[in-house]
Every structure is written in C-alpha cells, then in structure tokens.
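Visitor: Single-letter residue listing:
Number of protein chains: 4
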Amino acid sequence: MVKIAVLGCGRIGRMHAANIAAHPKAELAAVYDLYAPSANEVGSEHSVPVAQSAEAVFADPQIDAVLISTVTETHADYIEMATAAGKAVLCEKPIDLNLERVNRCAKAIAGTKVPIQLGFNRRFDPGHRAARDAMLAGEIGDLHQVVITSRDPGLPPRQYIEAAGGLLRDMTIHDFDLARFMLDDEPVEVFAVAGALIDPALGAELDDVDTAMIIMRTADGKQCHINNSRAAVYGYDQRVELLGTKGMLLSDNRKPQEMKRFTANSTEIAAPYLYFFIERYHEAFMAEISSFVESIENQTAPEVGFEDGRQALILAEAAYRSIAEKRCVRVEEIG
Amino acid sequence: MVKIAVLGCGRIGRMHAANIAAHPKAELAAVYDLYAPSANEVGSEHSVPVAQSAEAVFADPQIDAVLISTVTETHADYIEMATAAGKAVLCEKPIDLNLERVNRCAKAIAGTKVPIQLGFNRRFDPGHRAARDAMLAGEIGDLHQVVITSRDPGLPPRQYIEAAGGLLRDMTIHDFDLARFMLDDEPVEVFAVAGALIDPALGAELDDVDTAMIIMRTADGKQCHINNSRAAVYGYDQRVELLGTKGMLLSDNRKPQEMKRFTANSTEIAAPYLYFFIERYHEAFMAEISSFVESIENQTAPEVGFEDGRQALILAEAAYRSIAEKRCVRVEEIG
Amino acid sequence: MVKIAVLGCGRIGRMHAANIAAHPKAELAAVYDLYAPSANEVGSEHSVPVAQSAEAVFADPQIDAVLISTVTETHADYIEMATAAGKAVLCEKPIDLNLERVNRCAKAIAGTKVPIQLGFNRRFDPGHRAARDAMLAGEIGDLHQVVITSRDPGLPPRQYIEAAGGLLRDMTIHDFDLARFMLDDEPVEVFAVAGALIDPALGAELDDVDTAMIIMRTADGKQCHINNSRAAVYGYDQRVELLGTKGMLLSDNRKPQEMKRFTANSTEIAAPYLYFFIERYHEAFMAEISSFVESIENQTAPEVGFEDGRQALILAEAAYRSIAEKRCVRVEEIG
Amino acid sequence: MVKIAVLGCGRIGRMHAANIAAHPKAELAAVYDLYAPSANEVGSEHSVPVAQSAEAVFADPQIDAVLISTVTETHADYIEMATAAGKAVLCEKPIDLNLERVNRCAKAIAGTKVPIQLGFNRRFDPGHRAARDAMLAGEIGDLHQVVITSRDPGLPPRQYIEAAGGLLRDMTIHDFDLARFMLDDEPVEVFAVAGALIDPALGAELDDVDTAMIIMRTADGKQCHINNSRAAVYGYDQRVELLGTKGMLLSDNRKPQEMKRFTANSTEIAAPYLYFFIERYHEAFMAEISSFVESIENQTAPEVGFEDGRQALILAEAAYRSIAEKRCVRVEEIG
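From first to last, the protein sequence lines are chains P, Z, W and Y. Under our numbering, the letters of the first sequence match residues 1 to 335, in that order. Under our numbering, the letters of the second sequence match residues 1 to 335, in that order. Under our numbering, the letters of the third sequence match residues 1 to 335, in that order. Under our numbering, the letters of the fourth sequence match residues 1 to 335, in that order.
Any given hint could turn out to be false.
Treat identical chains as interchangeable: a pair holds within one or across any two.
[What the hints assert, rightly or not] With a straight-line cut-off of 16 Å between C-alpha atoms, the simulated EDC-like cross-links for lysine to aspartate or glutamate are:
#: 1; residue 1: K246; residue 2: E268
#: 2; residue 1: K246; residue 2: D142
#: 3; residue 1: K25; residue 2: E294
#: 4; residue 1: K326; residue 2: E189
#: 5; residue 1: K246; residue 2: D152
#: 6; residue 1: K255; residue 2: E283
#: 7; residue 1: K113; residue 2: E80
#: 8; residue 1: K3; residue 2: D60
#: 9; residue 1: K25; residue 2: E297
#: 10; residue 1: K255; residue 2: E268
#: 11; residue 1: K107; residue 2: E307
In case anyone wonders, no lab produced these hints; they're calculated from the structure. Bear in mind that the values here come from a model prediction, so they are computed numbers and not experimental data.
The whole structure should be built from the sequences, with the hints applied where relevant.
Guide: Shown next as structure tokens:
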C-alpha cells in the first residue's frame, strides 16, 4: 500500500481523497488544507489524520507521496518541497500560471528521482485511451487530423474564474495535453480565436474569454482542432476524433444510463450526459491513481510528467499570443 | 418496358401507379377503379388511359401485367381472370380473407406459366434484406431466434378496420411472411395472445384486436416472436432481429433525416421515424416492382409467390385458433 | 454502519463482500463458506473475521444482517435460521428450486419483523429503474406491452447447469421478477416455448434448455414477452422495452466506453457490451446494498421481498408446465 | 411545367438531367455537351432533343431555364449569355476560379430580372436545413459555434484535381457557403491551415492540398470551424454542428439502411455511409430543383443567388491568403 497525503481539500481534493481511500493499492495517509474545517471534514470522513501544515506532511516519514490539489499559486512550491523531501508527487494542473515560475521549478527539481505526475486525468479515460491505442496499433494508418470538442456544462462562479488564470490556462490546458497525447507528437504552430460570448462581462472586466477555437499543426503537418465553451447546457461535452488514412476513431460522450424515450414528437431521446469531470472521468481519476501508485512501486517515470505540464502551458501561451496578434504563432517563440 | 395496369386506385394503388410510372423498366399502361373519379384522377396525373372495367384491362393485348390493389374480396377473382388472360399479376395482400377461397384460387391457377407475385413489400426493404443476406451468408452461424417488432403509428379509421378482416389477417400477415422469409423455414407451431387494449370497442363491437404477441417455432426448434400494436404514437416501428450462434443482426428503424437535438434535459433527440409504410418502405415498393418486372422479362418465378400468400394466411388462421383455444396450434391443423 | 456477514464466498459472494466493504453505510462483519479456503481468502482480502459456521454467524450479537449467497439448497434453511436469530436477510435468488420448500419457508418466517430482501438486482439498475419511473409517472400513458431481452454471453460450465435447476428457475427467474416490476401488476397467464439449441446435449442428458421465448398476460390484458439465450456471443444482452399509449421507453445495453471505429467497410463500430452481470449490473448491486441498509435502518419493508422471490418461482413453474403441455397455463394453477 | 435545358452532361449534369426529368414540375427540354456522345447518350436516355450548341439553347424560345454544369471556365460566359437571353439560370459552383471574372460577371448581369441560382445543394439537405430552421426558431438560443466536418470518400483522379482550381475553391467552397448559411451572418476573419497529407505529390507538383482546417469569425464573434479531407475511407463524412446558449443541434451522417451487426468483437456495427454527393444529397438536389422551379414560377429571388457564389469564393481566397501568410485574414482585404 502506497501511503498518500492529500494537500488541499476543495472539490477536487475531496474527490481524490475518496478515490485514494477506495483504491486497493493506496492508503489515504493524511489530509491538509489551509482552511482547517475542510481538512477536518475530509479527515473525519475517512478517519485519517489531519496535518497541521504542508511542511508537516513533507516531514512525515510514514508518507510516501503527496497529491497536490491546493490553490494554483502553491503548486510549484509544494512540488519543490515534496521532491526535496523525497515524496512522490501527483499535482493537479496547472503547475503555475506563470511560465517563468514553471521553468524555475523545473530547474529546482532537475535530477530528482521521485516520480512527479501531472493531473491530466483525460489521458486515463477508457474511451480516449482506446482511441489512442487503436491509432498507435495502426488501425487508422497515418494520423492526419485530431478534433477535440471540450465544453463545460456551465459557467463557473465569477470567483473561480478570477483566480483561474484565463480559459486557456485553466480549461483548455487539458485539451492541449490531450492533443499532444493523441497526436503522439509536438505541435509546432498554434492559431487561436476566442471571445466572451456567454458572458461579455468576462471580457470587459476580466479580459477573459469563454468560447474558443484553436488549430495546431505538428512539424510533419498533422492538424489538430480544439473547440471550447464554458457553457454547453446539454452537458459536459468531451469528444475526441482521430482521422487517418485507413479510418476514423471517435471517443464519444457518455451517459449515466441508456434509457431512451420515444414520444409523439421525437425518438431515441437519451439521458443527459454525465454532468461534469467528477462523474465523466471517474474511471480516469481512479486509473490516474493506479498509474501513480505503479510508478512509485516500480520506480518508473510517470505516464504524464512535469514536462507534459510545462508543454501544455507553453501551448496555452502560444494560443494567447495568437489571439492577441491574430497570427499563427510558432511554439518555439514561447518555449 | 413492361406495361402494367393498376386495378384499384386507393391509397396504395395510387402509390403503385406513381412507382410504376417512375420506374425505368416499367410503363403505367392503364388504371381502373370501380369508383371512376379515383381512376380518372390517377389516370390524368400520369396521362394514361382509364379502363372502364377490369375485364377491359384483361382483354387488352397491349397490357403485359396487372397490379391488383382493389378491395380484398376481388383479389382472388382478378388473379384467376388475369392469369387466364395471360397477364402477369402483382397482387396486394391478402389473397382473400377466407382460406377456402384461397385454396380454390390455387387450384384454378394451377399450372399457369405467368408470374403471380404477392405484395409482401417488406422482403424488399434494404435493411431487412441485408440482415437476411448476412444470415444466409453464415455471418451469425446457426439461426436460433427471430424477433419482429411491427407497430403501426396509429389506429386506422373504423371503416377500414371493419373491412380488414382482423388484425392478424390484415397487418400481422406481413409479419408472418417476414418471419418465414427470415427463418428461411416453415413455422410448425403457433401461439398467440391478443387484445383490444388501444380501443376496447374494437373487441366489444367487432371482435377484433389491436395489440398482439405471437411465438412460432420451426420443426428444428428455431423460435420467432412477433409483437404488434396498431398505435405506436412514436411512429411506424419496424424492426427485425436475428440471433445466431455467432452473432446478432438488427434491421432497425429509419428516420427521414439525421438531425439531433441536445438540450438542457436530454441528448441525442432524434427525428420521428418515417411515418408509415409509404414513406418507410418506399425503396422496398420500388424494388418490388423491379423484381416483378424481372420475373416477367426473364420468365422466372417471382421472389414472393401465391403460395407465400397462402402460407401467411394459414399462419394467421393458426394464430386465431391459438387465441381462441389458449393453446399452441400446429400449423398442419390448419393447412 | 450496518454490519453484514456474507455467507457463501463463491463468485457472487465475493462480489457482494467487496461491495459491502466499499459501501459507505455498510460494514463487512464476517464471511463464511463451507469450503474454508474461499472464506479465508475473502476474509483476508478485507481483513474481516472468518466464521466457522453459519450458526456462529447467526449467534453473533455484533452482526446485524446476513447476505446469503451459498448454494441454493441452503437458502431456505438459512433464511429461517437468520430470521429466527433476528438478523436481516439479503438472499440471492432463487429461494429454493422447490416451490413446496419455499411455501414452508414462507410459513416459518410469517410474522417476522426483520427485513428479508431477495437478490433481484436488476430492479436497481439505473436504466431499468429510469424506465419504470417514467412509466409510473405517466410518461407513456397506459402500459400495453413489455419486451424483455435477456441473453447471457456464453454457456456456463456443465457443472453449474447441473446444479442450477433449469434455465427458467436459474436465469429467467430474474426476468420473471423484472416483468412483474415493469408491469407493476401480476401476470395471470403464461405461455412458453424452449429448446436446447445451443447445446443439444443439455436437452438429451439433463432435460434442460438454453433458448426460450415466453409470453405472459396480466388480468387486464397487458402483454409481456421475454426472450432468453444462454449464449449471445456479442455480449450480455439486457434490454427492457415498455410500450404505452403515449410512447415507448427502452432501457438499452451498456458499453464500458464509447469509442467507435469507422473503417472502409463499416461505420460506428462500438465496443463489446459490458461482459456479464458483475460488470453490467455493478451499480445495481451497489444500490441493492443501499436499499437493504435503508430498510434495516428505517425498519421498512425491503423493496424486493420474500414474496417476490416466491412469485418469480411460481411463474417459472407455470412456464415449465406450459412447455410440457403446449398450452397457456394460468398462474393460479400453480400458486 | 418549367422547361429546363441542361448544359454539360458529365457526372453531375447527367444526374441533374435525371432529376429534372423525374421532377413533377420540371421538364427536361434539351441537353447539350461540347462532347456530342455524352449529350446524345443523356438525350436518348430521356428522349429529349440534343442541342448543337449552347447558343442554340439560349436562342430557343421554348426553353425557360438552363442548368449549367459544364466545365468551370464556361460558367460565367454562359450565365451572361443565358440571362441576356432571359433564361433563368441554375449554375453549378464555382462561378469561376478567378474572382475578377466573377466580379465582371456580376456587373454584366446587374439588374437582370431572371433568377440566377447557385448549385450549393447542401443548403437543401433535409438534416442540415432542419438544424438551421431549429436554430432560426430560437431552439438553441444565441448561436456561438458552428463546426462543419466535410470529408470526401476518396481522392479524385489527378486530371480532375488539375482542373479543379484547388481544394478550397473546388470542395471547401461548399462548406464556405454552408458556413454562411448556418451562421446566418458573414464571416469577417478567416484563418486556415492546409497540407498535402494524403498525396504529397499534390503539393509538390500542383501546389494543391488535400487536408485542411479553417476557423472563421463573424463581426459579433461567432466562431466557425471547417475541417476537410479528400479521403475519408469510411465514407462521405458530412456533419454540421451548431452550439448555442440553449443547446446543440447536429446534422449527422446518413446510411443507406439501418442494419447493424453484433459480433464476438464489436457491437452496433453499422453500414457504410452513403457513398458520395450523388447518393448523400439526392433529396437535396431534388429540393434544389424544386426551389429553382418555384423562383421561376413565382418570380422570386432564388434561395441561393449569384452573390452567394461570389461570397463563397471570396472566403476561399481569404483562406488561401491565410495559408500563404500564416495569419488571420480579414475578408474585406479580399472582397
């Protein structure tokens, strides 16, 4: 059993704590949150100790690893402290909203032997993974196009958006990572358009956007499209499509059950999609923990590493520059 | 060009006339209806002569074939007269509501060389036929079960029902034929239950039913289920399912187009099904004409013959006896 | 926390033990199996005590409830012993293969205050339940037809079949219960046909069948069809369809993920269905435990009770008589 | 009956001739092709006169309208000649490969009273149109994103490509028009990437591309993505998706029939898509003729006019400039 402490007991930290507690090879060893009541609640729910500080966690010789789901501005510090203490790290995205800070963190942890895994859960989704596996197995021949549809079910609270660092660093960053995963290659060019169509105040007051379209291209010409919306009222829309010379693969949306209605006006009326990431990617989050545990137990590199987190942020920066300058931006301009 | 006259210009006769007129290898040679205005309307729509009597059609040396879509009680007479006159026949189902009359007709036409085809259009539906072809090609190994769902979109007018001869002779007769087509074998046992659930008055006043379930079995044990309803408000529901040792084949419903809606409450909301037989089986009706023309041109036996019409009626009679006696009826008791 | 002991650590007992252990409101209190190594394995996996006998479990004041998943012939005895000891019972189907024994058990437990729940897990499937809820809410008006497709993915081992008591008591019994659940009413007539089509030796040597079709009818004429096969090679096929005057509801099959392939020969190629009951009905089994826990905590009658188990067996007996006598059997002839 | 002559008897001209001949309100009045045998074949198939020249057609007082499906370089000349002769025009896309020529043609025909309709058949597809109608009816609230997937089933012959004027003027031009139709607004910015991924020789030798991704934006910020491939081996892939504040609409692909296979490895295996535009858009082509006939009979403006053809070409030119200059191009730079 790998003993994992959870730092940060917000919505996603609470979910991770439950997943770790339920995982057959992991043990929830401790929880911590700057806001003590949150930590206490999660701790008592799982009957595990509540740490008084992140430092106390890093110093605890009983703890093998930490899952970092605190506020973004603490991620890089905690990664550095945890690795210095020899703790394996599974860190929620993004590493930091500032690429400079990410680069400094990269230097600080250079040479570390402990696994540092980034929380790009979508790589572990059974459907997305089945598509990539089929593609890598040659089922669709040479890959030419990737189309990622990624739309959240509703606008998050204003407070969340203010701290999130912008749509592309907060939400699209998952899609940038998924694009790299599906392309099995690095984008070299990025073009993006975006707007505050759902809530114009986001643009006027926060200089943020809620609706975006992006095209990226790899060195050998493979094309990738991402489309994003913060508010697909019909549910969390998560599709990935791979077009190759021998066929197409589509990882489609999922529903909680398959009951369909047939009425005088319509047929095959299906249930709403699984509401949001906690429901839609439940198996992916569990598989993410499994993968993390395996890399700790086998001392292997994590399936999604620190550099993957850095590259996704670089693509976000390239996209922001493209939006600002209305031109195709070469990724090397950023990185 | 095969010159075909249409006898009977009701809803289905009118459709057949249009299909023949549009068919590249057939020519609508004349139309006839006991009610002259109907014949005149169809005749003028296609600019073809209106015959003054069925006899005049049979006597016309310019006419190669007749499509009989008059009222049921005339079918057997017209089949006998047409074949005596050397005209090929495509006759709407049923041959007659009375099995005795059908048997006498069979004797009367014994030995005829002209093709006599029955209007079991569903055999020509591209989906149903693809399922049968795949089954015959061995794709699902040995066939074990056939499930036919066959539901009309709404109760027909009372007047229609009064003349139709009962649900099983009027509507299920198509499914009895389809069962024989899909089983590629003869049912030897029939069990049926039925009721007037949609309109109890049908039962109380006409001794008819509107909702039925049937099980049949072949000599080697293959099982077939048919379910019927006169009023599936969600549309004309026409499905055939074949289960075999190596897989399953399903000929599913069809929609006029594939536009789907996604709302805050539901996803993948599809269009209503194609409304009724004229829309749903349009291609089948055209292919039926093609098949008829080919059997005339090549002097081959029709794909669906007189005996198929007789066997379907025998199954209907067996089912009625099963309903009355609440027992499994052997087909040989009837035939 | 409700403390539940599991009696019988075979495939399904092991699954129940894991589900209880993972359930937030239940605690796995002990395990027992006649074959000690099985009990030891499950006990050590969940770090719970292994009881030396069923009697020891019933005598243990720490234990609130028992889940009976031992061999069928022990079910009735254990139900009687457990209720006598005041333990709530969740018993796998069937209560017994012999209706007499079931009736004696019913007498023995008459008047007991402890909940006795039957393991008809399908009632708790989210899709099936959503269909029933929509039907009860009036969405499809008056119910006219229920069609249950229930096919296992492959023939079980010969040894299993020899002990199972026949297809209808072992497998169809779930569908008989589901029919009662969906009809929200009692069938009064049963007609069945069956054969050993997949493995004729089952018929020749064991007088058993592997493929069946059944029609049932309620007092007010509602019709229900069940079709069964022991070997649907394309996967565990579990569908329920409800036809009413205002529409249709279909609880369709489920897949582990929604990745689809598009090739030069075919489109929309989907993943195999969830393999068998442990995968397909995982959520249903968990909800079954939740329901059991609730009825213990709230001292309410279980959602599926002893009488439901008895009625399902009565329908199986009626179906067997129908097969033997090739006639419609009234349920009152049996019960 | 509107009397229409078909100029150009290649693949699409032949199809139009058959559609006009089968149309209840149109009459195929004459056919013409520079290559006489083609015209003779189509003429004799439909028993209509073969004109000796396009001029003869324009001079024939019996002819109401012309359908121009000759080689692209003749389109503008024929439009000018036909309108000068008072004939209504239905012209296949594009008007010309050269925007200058299109603009001169626009001047030449300015003020004409006869309908000039462009052959953007996709506007008439029942599924696409149902999506647009639902959007215009407010079903999805405010429109934010349009995603058009448009992939041909296979590379056309080299000879075709050499004459076609480039992927974006030949194939994407349909999508540019469909984008304008669905956005119900004008794109003001265009960004495009493209490559010769399927056949690199197309790029090396013809400076053409076979795979493209485009993003466009309207003045009020609505976003539109188009993706193209010349060779989707799984069939002609034609999808349109509309995302709005209240929901999503998807016009999905169509199959010739709905037979599905279920095997030991896969489920729900569907038929290949309708192969190419003649099959997929059959109903659209017929509706296009209906619309043309109506605008002639009612003397109303055609649903898709000359200016629509010009605007689609302008978007193609903007996209080519974007590809060349790797920047977002404002449409006003071109037009």
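Visitor: If a hint holds in the structure, say so; if it does not, say that too.
Guide: Now for the hints, and whether the structure bears them out:
Only between protomers do K246 and E268 lie at most 16 Å apart by alpha-carbon distance; the minimum there is 15 Å, versus 31 Å within a single protomer. In this homomeric assembly, K246 and D142 come within 16 Å of each other (Cα to Cα) only inside a single copy, at 7 Å, whereas the closest approach across copies is 32 Å. In this assembly of identical chains, K25 and E294 lie within 16 Å of each other by CA distance solely inside one copy; the values are 9 Å within and 30 Å between copies. With identical chains, the CA atoms of K326 and E189 are at most 16 Å apart both within one copy (13 Å) and between copies (10 Å).
Proximity of K246 to D152 under the C-alpha cut-off of 16 Å is restricted to the inter-copy arrangement: shortest distance 13 Å between copies versus 32 Å within a copy. Taking CA atoms no more than 16 Å apart as the test, K255 paired with E283 passes in both settings, with 14 Å inside one copy and 14 Å between copies. With identical chains, the CA atoms of K113 and E80 are at most 16 Å apart within one copy only, with a shortest distance of 13 Å there and 61 Å across copies. When the C-alpha separation of K3 and D60 is checked against a cutoff of 16 Å, the pair qualifies only within one copy, where the shortest distance is 11 Å, while the shortest distance between copies is 34 Å.
In this assembly of identical chains, K25 and E297 lie within 16 Å of each other by CA distance solely inside one copy; the values are 10 Å within and 32 Å between copies. In this assembly of identical chains, the alpha carbons of K255 and E268 lie at most 16 Å apart whether taken from the same copy (13 Å) or from different copies (11 Å). When the C-alpha separation of K107 and E307 is checked against a cutoff of 16 Å, the pair qualifies only within one copy, where the shortest distance is 11 Å, while the shortest distance between copies is 59 Å.
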